[in-house]
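J.: Quick note, the sequences are listed as chains A, B, C, D, E, F, G and H, same order.
Heads up: the first sequence is residues 754 to 1015, going by the numbering used here.
Heads up: the second sequence is residues 754 to 1015, going by the numbering used here.
Heads up: the third sequence is residues 2 to 182, going by the numbering used here.
Heads up: the fourth sequence is residues 2 to 182, going by the numbering used here.
Heads up: the fifth sequence is residues 10 to 369, going by the numbering used here.
Heads up: the sixth sequence is residues 10 to 369, going by the numbering used here.
Heads up: the seventh sequence is residues 780 to 852, going by the numbering used here.
Heads up: the eighth sequence is residues 780 to 852, going by the numbering used here.
A hint or two may mislead.
Unchecked claim - Cut-off 30 Å, straight-line C-alpha distance, at most; resulting in silico cross-link-like pairs (DSBU-like, lysine-lysine):
| no. | chain 1 | residue 1 | chain 2 | residue 2 |
| --- | --- | --- | --- | --- |
| 1 | F | K14 | D | K138 |
| 2 | A | K1015 | A | K952 |
| 3 | H | K851 | D | K106 |
| 4 | E | K360 | E | K291 |
| 5 | C | K126 | B | K992 |
| 6 | F | K280 | D | K106 |
| 7 | D | K126 | D | K140 |
| 8 | F | K339 | F | K365 |
| 9 | A | K989 | H | K782 |
Keep in mind the hints are simulated off the structure, nothing from the lab.
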Amino acid sequence: MAETFDRPEIRTPENLVYSKTNVLTDNIMHYCPGCGHGTTHRLLAEVIEEMGIQSETIGIAPVGCSVLAYNYFDVDMQEAAHGRAPAVATAVKRLFPNKFVFTYQGDGDLAAIGTAETIHACNRGENMTIIFVNNGIYGMTGGQMAPTTLPGMPTSTSPYGREVATMGNPLKITELIAQLPGTYYVTRQSVHTPANVRKAKKAIRQAMENQKLNRGLSFVEVVSNCNSGWKLSPVKANKWMEDNMFPFYPLGDIKVNGELVK
Amino acid sequence: MAETFDRPEIRTPENLVYSKTNVLTDNIMHYCPGCGHGTTHRLLAEVIEEMGIQSETIGIAPVGCSVLAYNYFDVDMQEAAHGRAPAVATAVKRLFPNKFVFTYQGDGDLAAIGTAETIHACNRGENMTIIFVNNGIYGMTGGQMAPTTLPGMPTSTSPYGREVATMGNPLKITELIAQLPGTYYVTRQSVHTPANVRKAKKAIRQAMENQKLNRGLSFVEVVSNCNSGWKLSPVKANKWMEDNMFPFYPLGDIKVNGELVK
Amino acid sequence: MTEEIIIAGFGGQGVLSMGKILAYSGIMQDQEVSWMPSYGPEMRGGTANVTVILSDERISSPVLNAFDTAIILNQQSMDKFEKTIKPGGTLLYDPNGITHHPTRKDIKIYRIQAAEASAAMGNTKTFNMIVLGAFLKIKPIVLMENVEKGLKKSLPVRHHKLIPMNMEAITKGAEIVEEVA
Amino acid sequence: MTEEIIIAGFGGQGVLSMGKILAYSGIMQDQEVSWMPSYGPEMRGGTANVTVILSDERISSPVLNAFDTAIILNQQSMDKFEKTIKPGGTLLYDPNGITHHPTRKDIKIYRIQAAEASAAMGNTKTFNMIVLGAFLKIKPIVLMENVEKGLKKSLPVRHHKLIPMNMEAITKGAEIVEEVA
Amino acid sequence: MKELKLMKGNEAVAEAAIRAGADAYFGYPITPQSEVLEYLMAERPYERTGMVVLQAESEVAAINMVYGGAACGKKVITSSSSPGISLKMEGISYIAGAELPCVILNVVRGGPGLGTIQPSQSDYFQATKGGGHGDYRLIVLAPASVQEMADHVKLGFDLAFKYRNPVMILSDGVIGQMMEKVELFEQMPRLSDEEVAANYPWATTGKPAGVPHRIITSLELDSSKQEKHNHHLQEKYRKIQENETMYEAIQTEDAEYLIVAFGSSARISQKAIDMARAKGIKVGMIRPITLFPYPSEIINKLADQVKGILTVEMNAGQMIEDVKLAVNGKVKVEHFGRFGGMIPNPEEVVKALEQKIIGG
Amino acid sequence: MKELKLMKGNEAVAEAAIRAGADAYFGYPITPQSEVLEYLMAERPYERTGMVVLQAESEVAAINMVYGGAACGKKVITSSSSPGISLKMEGISYIAGAELPCVILNVVRGGPGLGTIQPSQSDYFQATKGGGHGDYRLIVLAPASVQEMADHVKLGFDLAFKYRNPVMILSDGVIGQMMEKVELFEQMPRLSDEEVAANYPWATTGKPAGVPHRIITSLELDSSKQEKHNHHLQEKYRKIQENETMYEAIQTEDAEYLIVAFGSSARISQKAIDMARAKGIKVGMIRPITLFPYPSEIINKLADQVKGILTVEMNAGQMIEDVKLAVNGKVKVEHFGRFGGMIPNPEEVVKALEQKIIGG
Amino acid sequence: MAKVVGDIVIDIERCKGCEVCTTACPQDVIAMASEVNGKGYHYAMKVNGNCIGCSNCAVVCPDAVITVYRAKI
Amino acid sequence: MAKVVGDIVIDIERCKGCEVCTTACPQDVIAMASEVNGKGYHYAMKVNGNCIGCSNCAVVCPDAVITVYRAKI
Ligand SMILES: Cc1ncc(C[n+]2csc(CCOP(=O)(O)OP(=O)(O)O)c2C)c(N)n1
Ligand SMILES: Cc1ncc(C[n+]2csc(CCOP(=O)(O)OP(=O)(O)O)c2C)c(N)n1
Ligand code: SF4
Ligand code: SF4
Ligand code: SF4
Ligand code: SF4
Ligand code: SF4
Ligand code: SF4
Ligand SMILES: [Mg+2]
Ligand SMILES: [Mg+2]
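Isolated chain A (complex conformation) (with noise of 0.2 Å):
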């Protein structure tokens, strides 16, 4: 037997200081291995719980990679039609005006089909949360264009490149929901290294607390890698993701308190 390195006497309740949270079921997630899907939903599962709302809490699933996110989630869940999350879960927060709502929606689900119904519910500034995963194709359906897709980017829909003159500019939707007044608190996060994933985990406790103190609604972009789509090891599309995505896609908060920011 190999040597296991392992400390068996340190591992006691009082030294965890990590372990998954139980708001994720045990499921083990369809997810392509290191998709950032599975860390986004990590997060938002993490601050269920630490806020302890489990039992307050309705989630969206939409049409995309993240479709079966109510296998996932151990809190109640809605499985929404492509792109109209947003509209489902106006209905659900207005009906349970004191639960918290979010909605989990790919780029394609939430800027392709779905633009009016995000448009619409962020601008009668729905008290809920939007966690956005910006991976900038379609994953679900084996790497198309998506509206966020970049310029140049090879994808099954676009295999020689996206080109802007015919198939338009990618969308930076989350800049547009922010100028609606609706929109309470805009925030684009990534979670592809330690310091990233506690940020982000930190914007989505924000997104969360927001509908407490009836805020209206609150964005939260998640620039992610589709290593599959991209046909690119993990690792290597955690790179990609910084020299190309980034730029367009600059991370940071975008609207606070309100305000936009700058």
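Go by the hints and put chains B, C, D, E, F, G and H with the ligands onto chain A.
T.: Same frame as chain A, now just chains B, C, D, E, F, G and H with the ligands:
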């Protein structure tokens, strides 16, 4: 017989300074007396006549009071489904890149049900013209609240006035789409005084000229009265518009030559 | 008793609410009623009309193409509805703005100068009540007390103060209606 | 002649393209062919499989639940497909990662250490061609020249330079396949 | 005494929704049904009962709001007219797939496309056969009066929750726009959140500690499970057919001919029957009140008694298929229809009966 | 010699569209048909023929792009799968109402709702009865092989333009995803703008001086005109029924039993027929190639010959209604189906035949 | 200096009596008739001869009712 | 000054071998096994005893595979 005040002697072709353009058909428009739709139709038709592009223009009518626009413009016309004119026009322009293509849409059509189609056509920078008549109400269906209805403004579906907390803020879709790199020219006009009419016509002319130069999308908002929906006489409605609509929807260019103004 | 009525004129003449008051009056005397308007953009600027039926029995079709009475308030409506009156039926019209007067010989025809009278009363809003008064004079299918009750039911409470004026207009209409043929 | 084959393994093992080359080879010798993959998210991470039929006659159903041959490349697929082989049929599998070996007595069973061999060849991309070689050794349903033609057809021109390496892998597979039962 | 009002069909639906204790209405304006939303907004139901009323950005948003609200175990209703209902097809299929209770009103206008705003019954197929994708069924109610417009809201909610199935009220411009007197049922209390949670353990009301979380979805990637789910749905539809079929039989005892008509066509046909009987033609009518489940049994039975059947529809011939399927060749079945917003008149119906059935 | 290729059904559609001289494809990704758009994008058809290919922001946008392109007299095609097709219902109704030619591919997956991505035929009703609102019909083609996937694109465009009517190709995940060899027809030239203008004077190609402007609309506020338009549509549908019905008759000459099945169910049933015949059961098959118009006549005729009819469908029983309507009670009709993404196997079909028809 | 005079022709049957032209005219040339046209509208009419042909009335008229002439005399 | 030591527990069967944790660890504690787990992934394993319990590996792990302990000794 009453005095006529006619000067038949000066009614000669050389002295003619204004007459109905032939790009409008002889059909009497079904619009309510004093409605800005008629004026806006006239201006667009005059521009088409002046540019000599009647046989090269294809127009898309919306669903809204201007649904029958196809009976008034003497150019080839299509009637689109509610909100979908930008998608319809996209196809027309892609298939006839040398034709002049416009959509003519109301605020419900363009900024409620058609939000996604509007944003994405603008984002793709389709080389066409959108004429957007913002009267803050659903005229056609009897005066319901529109996305652009002002706070506190009564409509048949906000009989006690638009309540921002539950119905959301008026949506400045024009400012939003001006943020998109695909839009080249974005302006807000009105047609209730001679001076405004003349400016609005220039704007429409500019918007159509841009197509010739393949500049991307030109967007002309016309803030207009819906005197029936507002339950005011046309003249009072125009006054109300100046006092209430213009402060919220200020007239003027928003984006010129692809650059945001200011 | 069944009375099948069409009321037709310009949008804004109060055609629909006149029908509604009639229907409510019917209810007040325990009749079956139906009120079926034309609707949609054709109402804007163009004509508006409403089919009102009062009956002692269950009303089958609320949509009719032949009427006991037509109340006609503009030329377009004359063109459209004169021919739909059942033989022996009744036509009541306001001649103001009418260029082609009715020509049928097999019906009873009445005139009401309601526009004129309402102008004289200093309130054009009474126009439709004057017409209603004229109709009820010719065909007293509902009792006046039920009309008053109907008015109460159909007007929002904040407008109940207008009821006396409306009743007055009804009386006026009954006075000035003239038989033509 | 009709041969009904299921090829099943992990996504990424080249299951689908192996089936495609087989199908193209069939076309090269004028046979009817069909290739029906599993599809959708189940392919991601999970298993992938493809049903390939080569026949001298028109193929009726492209979807089968019993096969002449199963080529099995992971445990999940073994669990799922061992039982679908027709009595007297053939099972070919790579034992790498297999924890429950096949137990059926009414079929012929072959093993191919393809993962090992492809690693030895220094190119894990040859894995599926080694398996194909093994299969064709057991069931020479297509001529080698047609396989080469099939490869040419199924690979984009820019990859034609890889054909010799692939043919080598096929030969290798034919060499090292072992009969188990 | 119950309250007697003169109301439009659309208004009756709105008032009935409040009184039935509905928790929410989500909708988008369209003629000829905008009065539903307008009435609700004027009534401030939030103050009357706590009911939420929201004008959505589109019909697509509205139906997905219905999904979200219904998934919470709440009583939710929406309304629209034909083109708007077409836009809801995906959402309706989701609601059926996820087995959510709700009421959807379609005040049908003439099609196809933008068509006309005048009354029609040309969405019969869409309502009864599933305009959306997949094997699903709506329970379809066909009111023929303003009274039934109100009553079917309550009935609709009852059936929707009994079977966890969407209910469509298939009305039309006549019934939606006409006023009749209506006896309104008394205000029913809205369920409290606690009652909802207790009554509908399947609903996402917030996972109580110690019980598994609730999932509302229509997705099942494993086909064999999805097939099982489909079998369950089919079994449910069978039960609905067994238990919930409703119709009105009018003068069928001695009928030699039969008219089958629903909604406003049935109103008109009733007048036609009076006229035909006055001429000595012994004709009766079956007025289906539920279009799914369809009253096939009674029609099949009457097919043994009558010499011919005429369907009267404001469409080009849709329900006739269900009548033919019920009759299974026993007797001649013909269709008389006006469409594109045209309304048949009783005289025409009698003539059609004489020409197509009696003479034909 | 024609070109022989091994292709997926979805790819065959894409390649056939290019070769048929299509002017544009507009679509949105969805499994199991995303290969149509992917293949087109990879092929750069703009360079091959000038064909425009655009990934739309949604299925709703895509179908309305189809409307716009078709209204220009251009050959336009779109594709999707069940939930996406439901979203297109309003647009399809508009296209039918405005009488525009186009081809719409539905690669059906199991429903309702998000359902499963596996193959199904549960959108039969939606395709044939009108999932959208109003009295309209699509011409519906049911390919049963990759070859037919390609051929039906061309056929679809021909019929679409012949009748100015939308054509739906009702396929499923099996036919879309499988590869078979396919003989591709040769490249046809795209029409020039001038040819389009000359061939389709109804199209909005830019109003030539001196002729009235062209209007493409589905709106007609005057009900009597709208009814006239509807009569015109019905007359067109009647003509289509008269002239365009297509089916394949397989071993029907001596058949004592009949299977009716389309698309991949027909493929599977054919194997079942071989197996049944091997057992001495004389069974034949009608495979409808057009689902609207439906081959009712031949089925009605065969009903005189056979002892029973089994429909085999990957749904809970939809086409069976059209078979029953065709048979009109002459002979027993039963349904065998697998659904929710499950595919029947030939053995099951034989068993169903034996139990439901022969034994039953 | 030549004097500029104008004249307008109002297509009475197309006029909807919206009065927008009356507020636009710098010369107060237009007022509404007490009679109605075939559509029931009090139509616009000239009430003086002061027209200078500036077209203001015509450019604000939603229904393209007014034709304008101008001449230097 | 007390020394901080850490330990991690890797749930091998949940690990997908994405290697994200290896790049996150400041102590190079983690590397990928040459064996695969039941899902066919080369899973993460500890290759030294230098763990300081900083949790970096755990917080970047998409699959919540890693449990972290830390103690002052
Ligand atoms: C109406 C409809 N259209 C299309 C699809 C197919 N579809 C499923 S997921 C998806 C896009 C997913 O992309 P994204 O939202 O970016 O999520 P990701 O998978 O990248 O996380 C699409 C187009 C669908 N299920 N329903
Ligand atoms: C799918 C659909 N939904 C709703 C309608 C009903 N409808 C017709 S026009 C309209 C709104 C018109 O308002 P706007 O676009 O502001 O135009 P306006 O009449 O004010 O010029 C609506 C909701 C419709 N025809 N189709
Ligand atoms: S396909 Fe992309 S987004 Fe989806 S699970 Fe895999 S890596 Fe993540
Ligand atoms: S309703 Fe309003 S928008 Fe429509 S024509 Fe009248 S004034 Fe104009
Ligand atoms: S042209 Fe000028 S001056 Fe003459 S009537 Fe018109 S607005 Fe008045
Ligand atoms: S602006 Fe035109 S329509 Fe209005 S009153 Fe003047 S002439 Fe008549
Ligand atoms: S806890 Fe820190 S030191 Fe320990 S293995 Fe994880 S990253 Fe490395
Ligand atoms: S990050 Fe998690 S899943 Fe990835 S290799 Fe490390 S332990 Fe395994
Ligand atoms: Mg994505
Ligand atoms: Mg408007």
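J.: Does each hint hold? Answer for all of them.
T.: Evaluated hints:
1. Taking the CA atoms of K14 of chain F and K138 of chain D, the gap is about 26 Å. The hint holds against a cut of 30 Å.
2. As the CA atoms of K1015 of chain A and K952 of chain A are separated by approximately 19 Å, the hinted pair is consistent with the 30 Å bound.
3. With a C-alpha separation of about 61 Å, the suggested pairing of K851 of chain H with K106 of chain D is violated against the 30 Å cut-off.
4. In summary, the hint linking K360 of chain E to K291 of chain E is supported, as the alpha carbons are separated by about 14 Å, within the 30 Å threshold.
5. Of the pairs offered as hints, the one joining K126 of chain C and K992 of chain B holds, with about 25 Å between alpha carbons and a cut-off of 30 Å not exceeded.
6. The suggested pairing of K280 of chain F with K106 of chain D holds, with an alpha-carbon distance near 28 Å, which does not exceed 30 Å.
7. For the given pair, K126 of chain D sits about 23 Å from K140 of chain D by alpha-carbon distance, which is consistent with the 30 Å threshold.
8. As the CA atoms of K339 of chain F and K365 of chain F are separated by approximately 16 Å, the hinted pair is consistent with the 30 Å bound.
9. Taken as a hint, the K989 of chain A and K782 of chain H pair is broken in the structure, with Cα atoms around 35 Å apart against an allowance of 30 Å.
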